[in-house]
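K.L.:
Now for the letters of each chain:
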Amino acid sequence: DAGVIQSPRHEVTEMGQEVTLRCKPISGHNSLFWYRQTMMRGLELLIYFNNNVPIDDSGMPEDRFSAKMPNASFSTLKIQPSEPRDSAVYFCASSIRGGYTFGSGTRLTVV
Amino acid sequence: DQQVKQNSPSLSAQEGRISILNCDYTNSMFDYFLWYKKYPAEGPTFLISISSIKDKNEDGRFTVFLNKSAKHLSLHIVPSQPGDSAVYFCAASLRGAQKLVFGQGTRLTINP
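Listed in order, the protein sequences are those of chains G and S. Under my numbering, the first residue of the first sequence carries the number 1, and numbering increases by one thereafter. Under my numbering, the first residue of the second sequence carries the number 1, and numbering increases by one thereafter.
Hint data in this document are derived by calculation from the structure and do not stem from the laboratory. No incorrect hints appear here.
Facing chain S, according to a computed beta carbon distance under 7 Å, are these residues of chain G, among others:
1) Ser31
2) Gly42
3) Leu43
4) Leu45
5) Tyr48
6) Phe91
7) Phe102
8) Gly103
9) Ser104
10) Gly105
Far from chain G by the CB rule (all over 10 Å, computed), these chain S residues:
11) Asp24
12) Ser85
13) Asn111
When the alpha-carbon atoms are kept at most 30 Å apart in a straight line, the in silico BS3-like pairs for lysine-lysine are as follows:
14) Lys68/G to Lys37/S
15) Lys37/S to Lys24/G
16) Lys99/S to Lys24/G
17) Lys99/S to Lys78/G
18) Lys78/G to Lys68/G
19) Lys37/S to Lys99/S
Quick reminder that beta carbons are idealized off the backbone N, C-alpha and C, glycines included.
Please work from the sequences and hints to get the whole structure.
P.N.:
Written as structure tokens, this is what we have:
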């Protein structure tokens, strides 16, 4: 089992550009979560899916953020346009029956 | 509105001694609490948990204490080891809910 796979590991982009973060959950896990880690707020839940359906997106900062899960093995988090304040580490996690497994994260820097 | 708070961004302890990490929460409906450990460049990993029906749970060197009246939980590590140096996140969930609410994290450094 390769665990939760996120790509890219690091992303540096210019303000105004579109950024797409990718996640492959563990096979058989039916829930997928996107979190953002910042110094001030720790790990914030952005959105989560259950059986590929978005359940709670109340943590998505604003309309510039969108997330999709077209199938059970893939999810994307898109930021368009990106801003410097979006710089953070973004984690994807998957779970089944409550046990979370996190990916290694994507460190995003918007300059 | 931070429902789970870790008020100490960092703390240090001596190898072999006790480390105590603290966490406060505001939502009295939380009924399940967890601690995660995170090393640099890795995702958080599950460490230990406790249900609201208990006030203590122990797993080897790690013990979590829950004080529901104070809405406070703590993680005790005894004895502390250099490999315990990491960021520790406290998390909570509501009954039947899948999502976890995390705190800001506390960076623990174990000194030799």
